[in-house]
Every structure is written in C-alpha cells, then in structure tokens.
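Peer 1: This is what each chain is made of:
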Amino acid sequence: MSVTLQAEPFDPGALLTAFAAGRAETGAIASFTGLARAEQGTTTTLELEAYPGFTDAAIAEMVAAAVGRFGLQDALVVHRIGPIAPGEAIVFVATAAAHRRAAFEACDHLMDWLKSRAPFWKKEVGPGGARWIEPTQQDRTDAARWDGDPK
Amino acid sequence: MSVTLQAEPFDPGALLTAFAAGRAETGAIASFTGLARAEQGTTTTLELEAYPGFTDAAIAEMVAAAVGRFGLQDALVVHRIGPIAPGEAIVFVATAAAHRRAAFEACDHLMDWLKSRAPFWKKEVGPGGARWIEPTQQDRTDAARWDGDPK
Amino acid sequence: MARVLLFGRLADIAGWRERDVAAGTLSELRATLAALDPDLAEALSGPSVQVAVDKALLRGEATLSATSEVAFLPPMSGG
Amino acid sequence: MARVLLFGRLADIAGWRERDVAAGTLSELRATLAALDPDLAEALSGPSVQVAVDKALLRGEATLSATSEVAFLPPMSGG
Numbered sequence: 006m007s008v009t010l011q012a013e014p015f016d017p018g019a020l021l022t023a024f025a026a027g028r029a030e031t032g033a034i035a036s037f038t039g040l041a042r043a044e045q046g047t048t049t050t051l052e053l054e055a056y057p058g059f060t061d062a063a064i065a066e067m068v069a070a071a072v073g074r075f076g077l078q079d080a081l082v083v084h085r086i087g088p089i090a091p092g093e094a095i096v097f098v099a100t101a102a103a104h105r106r107a108a109f110e111a112c113d114h115l116m117d118w119l120k121s122r123a124p125f126w127k128k129e130v131g132p133g134g135a136r137w138i139e140p141t142q143q144d145r146t147d148a149a150r151w152d153g154d155p156k
Numbered sequence: 006m007s008v009t010l011q012a013e014p015f016d017p018g019a020l021l022t023a024f025a026a027g028r029a030e031t032g033a034i035a036s037f038t039g040l041a042r043a044e045q046g047t048t049t050t051l052e053l054e055a056y057p058g059f060t061d062a063a064i065a066e067m068v069a070a071a072v073g074r075f076g077l078q079d080a081l082v083v084h085r086i087g088p089i090a091p092g093e094a095i096v097f098v099a100t101a102a103a104h105r106r107a108a109f110e111a112c113d114h115l116m117d118w119l120k121s122r123a124p125f126w127k128k129e130v131g132p133g134g135a136r137w138i139e140p141t142q143q144d145r146t147d148a149a150r151w152d153g154d155p156k
Numbered sequence: 024m025a026r027v028l029l030f031g032r033l034a035d036i037a038g039w040r041e042r043d044v045a046a047g048t049l050s051e052l053r054a055t056l057a058a059l060d061p062d063l064a065e066a067l068s069g070p071s072v073q074v075a076v077d078k079a080l081l082r083g084e085a086t087l088s089a090t091s092e093v094a095f096l097p098p099m100s101g102g
Numbered sequence: 024m025a026r027v028l029l030f031g032r033l034a035d036i037a038g039w040r041e042r043d044v045a046a047g048t049l050s051e052l053r054a055t056l057a058a059l060d061p062d063l064a065e066a067l068s069g070p071s072v073q074v075a076v077d078k079a080l081l082r083g084e085a086t087l088s089a090t091s092e093v094a095f096l097p098p099m100s101g102g
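Quick mapping for you: the protein sequence lines, in order, are chains A, B, C and D. Residues in the first sequence are numbered consecutively from 6, following my numbering. Residues in the second sequence are numbered consecutively from 6, following my numbering. Residues in the third sequence are numbered consecutively from 24, following my numbering. Residues in the fourth sequence are numbered consecutively from 24, following my numbering.
None of these hints come from the bench; they were simulated from the model. Remember, it's a predicted structure, so these values are computed and weren't measured experimentally. Virtual Cβ for every residue (Gly too), placed ideally from N, Cα, C. Be a bit skeptical, because a hint or two may be false.
Under the rule of at most 30 Å between Cα atoms (straight-line distance), these lysine-lysine pairs were calculated in the DSBU-like manner [to be verified]:
hint : chain 1 : residue 1 : chain 2 : residue 2
1    : B       : K128      : C       : K78
2    : C       : K78       : B       : K127
3    : D       : K78       : A       : K128
4    : D       : K78       : A       : K127
Cβ-Cβ distance ranges computed for the label pairs, FRET-style [stated by the list, open to error]:
hint : chain 1 : residue 1 : chain 2 : residue 2 : range
5    : B       : A19       : D       : S71       : 40 to 48 Å
6    : C       : M24       : A       : R150      : 44 to 52 Å
7    : B       : S7        : D       : S71       : 43 to 51 Å
8    : B       : R150      : A       : T9        : 30 to 38 Å
9    : C       : S68       : A       : G76       : 40 to 48 Å
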C-alpha cells in the first residue's frame, strides 16, 4: 500500500508496470488515470494545493479502509500537487485483487472519494484569471453512492 | 480504437503509457489488467485459443458498441492467446473519456463481456492434467448487469 | 469441398483442428464427419455447439462452396 | 505562540500562507488575527472552514503550545 504526493510529473504506465510486476496470485488490477483537460484552451494550468502530513494521512486512511472493505491485495495512489499542465496526469490509482469486481469497485470508490472529499484545494488558471474549484454536484453524488453500510 | 490478439507477452504499463499520451481533452482513463493466477501451484499454464478473424471481429464490434453507449473518446483491447504463464497479463483494456464515470463503466462492461461471452476457449493445464474452462456463474451474473436497455 | 475448423474440446475429441472435407452443404458435411468419427459427430451436434460459415454464425442448413470455411465452436470460455 | 497555516482562498484573502502568531488558545489566536485583518478573520469564522491543530481536525476551543500548528482549511476541492 502506497500513497505519494509529488510535484513532479509522472508516467501512469511506468507506475502500472511496477505495480503489476511479480504478482502470482493477483487476478485483477484496475487503474484510473486522471488527466488535466485543456477545455479547448479555457484552462491553461491547474494548481493543486495539499497540506503535507494531513492530506497524505487522510488518503492513506481512506486507502487502508478500501483495502479492508474490498479485500484488496494492494493499492497505490500517486497524486500531483502544484501546477499541472493540460494533458498531464493529476492522479493515478491502482488496485490489485484476486478477482476483478473487487479491483474495479475499490478503484472507482477511491476515485470518487479523492475527487470529492480529499483535502486538496484546486485552482484553475486560464486566460480569464484564476478561480478556486469545489467538487461538482456529480462528484458529490458519485461519492455518496458509497456511504452507509458496505455491501 | 484498437483490438489486438497476440501470442507474445505484453507490458500493460507500456500500453497505458502509449494510450495516455497526447490527450488534451481526455479527463479520465480507466484500465484493467487481467493476470494469470498461479492458484498456489495448482495451475501451471493457461492456454487460450481464439478463432482469428472471428474472435477479433467480435471484440471490435463490442468495443465499438461500448464507445457509442458510454460516449468514449477511445478504447483499447489487447488479449493474449496461446500458453500464458502465472503472473503474466492475459488481457488489458483501457478506456478514455472526458469524465471518469463513463471510463470506469465502459471498462467494467467490456471486461464483463470479455470474461463471459468473448469467443475464446480456455484450458487450464496443471499438475493434475488439463481442463477446459467455462465462464463462472459470477462471470455470467456480471455480464447480465449490462443487458437490456442502456441507461 | 470445405475447410473445417474445430475449437476447444472439439479438437481434443477429434484429434485434429483443421482439415478439408468434400461436402456441398452443411448437412452433407455433418454426414461425412459422422461416417469418419461418430464420437465427433455426436459432439458437433450438441445444442451448445455453434457453427460459423465464413466467420458468420448461422443456424440450420448452408450451401458450401469450394472455399467455404466451416467452424464448429463449443461453448466459449471468455478470455 | 503557534504556527498558522492558511490554505486555498484563505491564503489569497490574507496575502500570506504561513506565519507565527502569539496565542495560548484558539480563540485568542482568532482574536489576534481579527485585530490584524478583519476580512481574514471573517473568512476564517465561516461555517465551511475547518480547523486542524497539529494535523487533527477539531471543533471548538483548543489550548495551543509553543509548537502548535494551526491550519485553517476552506472547503476541500478534491483532487
């Protein structure tokens, strides 16, 4: 289990290669890569602020909960912080399980939580200036799917 | 959109790196990697047989339907055929969309279909001999989730 | 004449995967195979075995040409 | 004395992200900040702003030591 916040760009494929290596009893690896969209030129840069020691601890707690809830063998979260250019990866999540339903659901669940409730502050900087972003209604609805008793 | 059947081992991470490159308007890439499990030594090799020209056409048709149904920007399927050793990747599916729900659902859907209805014939070869595999009840149940009218 | 392809357990039963069989229709082809190998013919006639002619699934009878490819497909495993 | 950290739009309002403020309790700290910058103090007192002392969220009052770290967290954007 690993959680990393980093300012440097990363290659999601290189993370997947390392995550998938040497797994004799893993049947399923789901992954999600979130990329910064150019929004047809309206967004030039995304800036993500984290609270080191707090943000990573919150993510690690959530990942540990997902490992327990979905019976994962392993999970990885890498999240960019600082300025992010369009087309660059913002987040990479990978989950490993014996079977695919657990891997998919855990990855989906972690992303919903990361997108709506993780302690980041996000600013979009475009030609028209900068604005702070809050989760969309869709993000809140997605995250709420997992509330209440686990199945 | 790309569908490949191949006898040679592949690196899922290298496929993801190539799939994710140069995407200014893709917000979300979901991927799934299916690995051959050792099953604590009970399975030594998996052998997958395809019908070239028929199997790949059936997969391409399914991928095209998923692109339409989920509004994908792109999708990739790479599937091993022939003998596959434990720990090696059997299948890699990646889906690209503006937003994550479409990418996740399309990837999940394609995997359910591939695992239960794709025209492959699969043999497990272990210390006790060889046996042909059919989809599990779980595979059939998973695939049936997508039947009927699309949402 | 048609090219016959067997997949999965059907090839194990037959002991071959691919051969040419002289036949003008699918039922003629089945009859020829039955004369050669009754066990295979029985396996091929099971309700779970699908038939593809020139890579298209079909039910019932089909006319075969010299270049027809007839594939017998046992239940698919998935990938 | 406590180390005060501001995140997101709060740092934009204040014009700083991090500074030391002399205060023995959280309410003393809020009063000191209010004297320095009423706009910031108003923003900090909003119901959507969470407070973490030494990286743990809390509600209400807290005693601060010389090494306390007090973070004011506006609504989180998610990643």
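Peer 1: 43 to 51 Å was suggested as the range; check whether the CB atoms of B/S7 and D/S71 agree with it.
Peer 2: 46 Å, holds
Peer 1: Regarding B/A19 and D/S71, is the given constraint of 40 to 48 Å on their beta-carbon distance met?
Peer 2: 44 Å, holds
Peer 1: Is it true that the CA of C/K78 sits at most 30 Å from the CA of B/K127?
Peer 2: 20 Å, holds
Peer 1: Does the Cβ pair C/S68, A/G76 satisfy 40 to 48 Å?
Peer 2: At roughly 44 Å between Cβ atoms, A/G76 and C/S68 fall inside 40 to 48 Å, so the hint holds.
Peer 1: Would you check the hint for D/K78 and A/K127, treating anything up to 30 Å between C-alpha atoms as holding?
Peer 2: 20 Å, holds
Peer 1: Within 44 to 52 Å: is that where the Cβ-Cβ distance between C/M24 and A/R150 falls?
Peer 2: Violated, since C/M24 and A/R150 (Cβ atoms, about 59 Å apart) do not stay within the stated range.
Peer 1: Verify the proposed pairing of B/K128 with C/K78, using a straight-line Cα cut of 30 Å.
Peer 2: OK: B/K128 and C/K78 at ~23 Å, within 30 Å.
Peer 1: Could you grab the alpha-carbon distance between D/K78 and A/K128 and see if it respects the 30 Å cut-off?
Peer 2: Given that 30 Å is the threshold and the Cα spacing comes to 23 Å, the pair holds.
Peer 1: Could you say whether the range 30 to 38 Å given as a hint is met by the Cβ separation of B/R150 and A/T9?
Peer 2: 34 Å, holds
Hint compliance for this structure: hint 6 is the single one not met.
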